[in-house]
Amino acid sequence: MTPRQLLLACCLLLCAQLAHAGPKIERWQTTAGTRVLFVEDHSLPIIDLQLDFAAGTAREPVGREGVAGLTRALIDLGANGMDETEIASRLADLGARLSGGVDLDRTSLTLRTLSMADKRAPAFELLRAIIAGPTFPVAAFEREKARSLAALREALTRPDVIASKAFWAAMYPQHPYGRQATPESLTALLRDDVLAFHAAHYGARSATLAIVGDLSRAEAEALAERLSSGLPAAAVVAGLPQPQLPAGGEERIAHPAVQSHLLIGMPALKRGDPDFFPLAVGNYSLGGGGFVSRLVKEVRDKRGLAYSVHSYFLPLQQLGPFQIGLQTRKGQAAEALQLTRAVLTEFLERGPSETELLAAKQNLVGSFPLRLDSNRKILENVAMIAFYDLPLDYLDRYPENVERVTAAEIQAAFARRLQAAHLVTVVVAGD
Amino acid sequence: MRYAPPIALLLALTTAAAVWANPHERQLANGLRVIVKEDRRAPTVAHMVWYRAGSMDETSGRTGVAHVLEHMMFKGTPTAGPGEFNRRVAAAGGRDNAFTSRDYTAYFQQVPKQKLPEMMQLEADRMRHLSLDEKEFAQEIRVVMEERRLRTEDQPQALLYEKLNAVAFQVHPYRVPIIGWMTDLQSMTVSDARAWYDDWYAPNNAYLVVVGDVDHQDVFRLAEQYYGVLPARTLPVRKPQDEPPQAGIRRLTVKAPADLPVLMMAFKVPVIRHVEQDVDPYALEMLAAVLAGHDAARLNRHLVREQRLAVSAGASYDSTSRGPGIFHLHGAPSAGRSRGELETALRAEVARVQEEGVSAEELARAKAQLIASQIYKLDSIFAQAMEIGQLESAGIPHTMNRRLIDKLQEVSREQVQAVARKYFGDEALTVAELDPQPLPPNPRPRSPFVPRH
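Chains A and B, in that order, are what the protein sequence lines are. Converting from the first sequence to the working numbering requires adding 70 to each position, the first position being numbered 1. Converting from the second sequence to the working numbering requires adding 372 to each position, the first position being numbered 1.
In isolation and in its complexed conformation, chain B is listed as follows (with noise of 0.2 Å):
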């Protein structure tokens, strides 16, 4: 089938000369890097900071700290009180929240595009002279245990997915969940908090992205206003930590409160390190879109509407990340079919495209998809911002975006099924399932519904 040639029809959405040069980009003496993408669409604007420390540069005993100090990033500075953030981003119309990854820490507005000075104002000095105040540490900690109770330990399929990782990696520090192991939460101090701050929050550290209604010199100059009189600090030494060759499959059980059945299956893979010359990421993703990438993929296709095995069926990869790859098949099994089925039916998938490979016309379908992906992306000023940031976390520079979408046009068939037979065996393997305990049987469960007045 034919396609459009995808490099034309992204360039048909970048008719002015001038956009050739977006997103722009400069770096402060400080080391602060200023990303700036035009979007005048609405007059609105993202501004992110991106600091390159997350849950995979923390230590033995301290694990939760980066996520904890994104917490106490509200909490106040000399010259903004705690709770004075979120009250001016909000009296200025805005939104903003944070995220903390195993890869990075960052923290956005979106705002009306005449707040952004503003914005950058707070932002900067919080990147300096947070207050990390004792008593306010002690309320937050609470909040970040609430938030591992809510998201993990009452979550069967999210403590799946911990303890897979970290069986599936025993030296490097991805084993570790973003959120931190309770006790260590339980044990963690301001003083805490106060190292990883002092070690990481640097404008050498950092980068910032804006995107939306602004134009790039004017957001040049204000970054170098408030961001431009913070010193460079001296970063601690990051330790390789890297993860030994797995040598033989790994196992694990999880019993929880559940119904259903899950399954996880992690390989080891590569990710990308070398934009121009990797070859095996780019298939990897190509690969996991043949599988999973729309309801007729050859997983749902098969294993959920064929032969009525599982009641869903996937695989995830992400090809770009600080640390290493795993490529996931996933599933839960059909009322009476076990988890050993369904791992024995995902596991003949992989061997069909190692022995057969994929269709033209399939992979050919994941490009299309992919190309309209990048195209729907330029609907939201957030996303835009997200995907520069995301590169840049996994140190791939934004200007290789384009490249990135080039190859993966550029993966053949062979490259597909090449992958499939280089890195799926049992070596680097990790299996994890979830057994679903009913809940306790409870004489009394309901209590009558009592009128209260």
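In isolation and in its complexed conformation, chain A is listed as follows (with noise of 0.2 Å):
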């Protein structure tokens, strides 16, 4: 070890001791079956909560894509003899926030509310009434149809959407991974359709919810019982098949865009794998890790050949994918596809400099603190701890975890999920 890497150990060590560890996760099971995962914080008189449900769009039936989102945007316009503007208003009178979304895997519910009496309660009856009794009026449903077609047909005319979609089918080609609404499947959704979907997948037995902040452990038990109490008694939602890896190859979609847009990856992760921790590590220095990547270094820094480049992995309930993006001038694509190429062939051969390692474990462990301060960011990683049924000490040793990690263990996680055979290449708008 030379003095400069001693030094950097020593960092290292210190740094390890100066996390802070994870908020403190209480965790238990309603009567209808519901998981909660609960975390205490008076600071602040604001409570926000996330229901989870196992309803993505991988749930959603063939030739009925479109369904799960068109479910999510009707679930809050209409419940209990409310109507949507009732419903809306009275959110606003309290100051309340309802969002959340869906994506492959789940669709999202997130509450933030005051933590006042008079201010909570009304927001939590609110909740239950739409999760409890939506009404999904058939007028809305005409309208949101037509809004969610007007959306996806401007979408399929961004290059960026259109690189994405075509991305996503190609790693996915057997698996609902990679099917994705089209104007025909929105066109052919019944209301009926949304009606079946919420009654299998909003079910309390495969719902997860996340509570943080400004009440007690008694209180936070009441609220979970509550609004559990209220959701369908659907059956288990089942797992989802295992995805086949796809044959590799190449796609060129042309385009009027002034920037070709590249993608390239394949199915690699899923949530809970062991090998999340060599491969978010060794990421970072590949293409994660902003202005100190290899990729930022090569592709932006040395020859200007983009704005923005990145690699990641998305770890999903079912391998999820690995996928380095990047938008170049149209006429210098080829040159910005095979660096990337070269990049991540070299990556793949050596794995990161012991140099590079240390950078990784620094800034992942040292910025750990920056992943927790705030009750919004505290609520995304127990949602997700929740979700994806993750140990509850996943955080605690979230630092120690990545200290472990080897440059052999990197180089060989990447070399068990990433090869070349299977790597999809999209080029829309290309040279």
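Mixed in with the good hints there might be a few duds.
Straight line, CA to CA, 30 Å or less: simulated DSBU-like cross-link-like pairs of lysine-lysine [unchecked claim]:
1) A:372 <-> A:340
2) B:485 <-> B:627
3) A:215 <-> B:627
4) A:447 <-> B:507
5) B:485 <-> A:235
6) A:400 <-> B:739
7) B:779 <-> B:739
8) B:507 <-> A:400
9) A:94 <-> A:447
10) A:372 <-> B:507
11) A:340 <-> A:94
Chain A is faced by these chain B residues, among others (derived, beta-carbon under 8 Å) [as the list claims (entries may be wrong)]:
12) 631
13) 706
14) 751
Please keep in mind that the hints were generated in silico from the structure rather than gathered at the bench. Using N, Cα and C, we set each Cβ at its ideal position, and we do this for glycine too.
Please assemble the complex out of the two chains, which come individually in their own frames, going by the hints.
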């Protein structure tokens, strides 16, 4: 070990000692079968909660793509004798905010409210009404379907969206992760499809609830009981099939944009996988660490080929993708693509240097407090732990799990997860 | 309906007497102002340096130089070479970035609290000692042009907004896009960046905002140590470049590959210049909230939900800025409905406020949301630092923040109706329309999927 490396190692040790453990998380299950994670924090008069359902786009029936998003859009547009105007007005009167959305695995409802009794009690009752008795009004269904269609048609003119859709379809040719809403599938949707999707996927037993903020454990328990007791008694949502790795290849799509959009990747990692830490630490050096990553240095800093270039792993319920993305002026896409592949190949062959590994650990461990310095950030982490059923000490052990990673483990994990034979490339608006 | 008196609610958050003085402020001898807000909820700190120099301070032929210089600020000093700034922030477990606006350029790091001195040392170093190397510039200007392609050239709605400003303003530099015109980027040289840096990057043209788990006396000492040694400099004279009154409606159309037509209406309105005396900017904020503050606010409720005339409709207004103000009404018509119909409907919504005013209930709702959002802001150290920095950038002392909230709470129904009557005629209106063009037909738009080994 050189003196410089020794110094870095000492710094790293110091960081580890200074790093704070994660928040104290309590866990229980409600009578209806909803798993609850709770973090008590009275420093601000705010309560944040997130309800997650196994109702992501991967759960959409074949030919009914788009139904998950439409169901989520409609859930708070009529409930329990209230119309959409009354629901939204009441939320606004309370200063409460209802948000959330749909990704591949999850549908989320997130509520932020003030914790004063006269604010939180009605806010919680509104949320309960929404999840317990959504009416999916016919008029709202027709309107929201038309709006979704307009948004999708607009999106399908954008080069980044075209690239992303082609990329996912190529990575997951036989898997729900590769199916996406089309104008045809959206047009075909009926209100009954929404009712069926809701009944099958918004059940208490497949739901997880994360609560953070200014209430006691007893109050949180009562809240969780009240919310989950209103949910449909659907069967537990079954697991997703395992994706097969795609045949690698390249797709080119013409477009009038002045910039080419490039994506490279393949299915690589699922939540809870022990390879998560070597891949996360390694990817920091490859393309996750912003300005200090190899991709940014080579593609942006040295050659000025792109404003944004990144790589990441997106762990999902099933194998989620590894992805490299960049945009460059038309006419230099071939150069950028060749360079990016060379950087990836070099990394796969040799892994990170010792200096890079130390830098990655310093940042990932040192920045740990920044991941948890607000209730909103704590909620995101805790909701993720709840939904993917990760260990309760996931955050506490995050720094040591990063520290423990070796260069050899990174190289081995990258070799296990990324193979040239399966890498998919999409170029939109190429040279 | 009843709602808690806002100040009582905010006071409930600040029980300790010491909190009264928070944020704390001191000015160094070289003119640098240091503003510190203690927030000890988490062991992190946000450190920001704000320069009173944005795209509105640029001159013709050199548009975009404020933003280019922001990029060059990461390209090294004699003591910390190219890339070293990012490397050291990353090694400190930090996150950093910068942003250029019309009014200011700001740099920030979020770090574990024990790393604050190192961040101050790095920021102070590049406040005066930037290298501005010609080769680094040659690479970075290409990156900035890629950024312009990504964010503007290939984004129809961003193009529309850019052209709208270029028509609404003819004299004031708000007519120019922050990222600059492409032709100016193509001809920009390192000496343009150097001139900009020498003109504006001085402690007497900057202020420091630090929010987080710190003691303000410690921060003042550190600021003195690192920034105190930098000399004050003479700043260029800022010309007012006031926009003359508009005398008649202006219209423009942008054609771009897209599917959704878009309409933007820009009305010239005032912004806050005197926190205590002003009335109209606060009433305009409330008008925007009544029109578009939540899902059941007027525009969404009437145009999107009831009439189904638009797939989206909104209003926006910012009462704090160095330059002139704009109140925007915007939306996208539903399939089969025209931009003209949407314009008529947006005008009808304004006319309704002009004729009938707004209800007490609507106004109370907007105020309840305002108070809640003030409390929610306390959950984010970064948001608190941004609030201080942005107020100061518009020339409003951060200490006036509570007064701004008071003034918003005092807005009456009559005042909302009065601003709707006063500012929404055609004389000071610019209307921009995005005319979507189909993607060009391509005999073979997609290559077959080609296996590659």
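Going through the hints against the structure:
For the given pair, residue 372 of chain A sits about 34 Å from residue 340 of chain A by alpha-carbon distance, which is inconsistent with the 30 Å threshold. Only pairs whose Cα atoms come within 30 Å are accepted, and residue 485 of chain B paired with residue 627 of chain B is rejected, the gap being roughly 50 Å. Restraint check for residue 215 of chain A and residue 627 of chain B: satisfied, since their Cα atoms lie roughly 27 Å apart, inside the 30 Å limit. Only pairs whose Cα atoms come within 30 Å are accepted, and residue 447 of chain A paired with residue 507 of chain B is rejected, the gap being roughly 40 Å.
The straight-line distance between the Cα atoms of residue 485 of chain B and residue 235 of chain A is roughly 42 Å, outside the 30 Å bound, and the hint therefore fails. For the suggested pair residue 400 of chain A and residue 739 of chain B, the alpha carbons sit about 49 Å apart, so the restraint of at most 30 Å is broken. For the hint pairing residue 779 of chain B with residue 739 of chain B, the CA-to-CA distance comes to about 11 Å; that is within 30 Å, so the pair holds. Distance check on the hinted pair: residue 507 of chain B and residue 400 of chain A sit about 23 Å apart at the alpha-carbon level, within 30 Å; holds.
Taking the CA atoms of residue 94 of chain A and residue 447 of chain A, the gap is near 14 Å; set against the 30 Å cutoff, the hint holds. The straight-line distance between the Cα atoms of residue 372 of chain A and residue 507 of chain B is roughly 10 Å, inside the 30 Å bound, and the hint therefore holds. Of the supplied pair hints, the one linking residue 340 of chain A and residue 94 of chain A holds, its CA atoms being roughly 25 Å apart against a limit of 30 Å. Because the closest C-beta pair between residue 631 of chain B and chain A is about 5 Å apart, less than 8 Å, the hint holds.
For residue 706 of chain B, the interface hint holds, since its Cβ comes within 8 Å of a Cβ in chain A; the closest pair sits about 7 Å apart. Nearest Cβ of chain A to the Cβ of residue 751 of chain B: about 5 Å, under the 8 Å cut. The hint holds.
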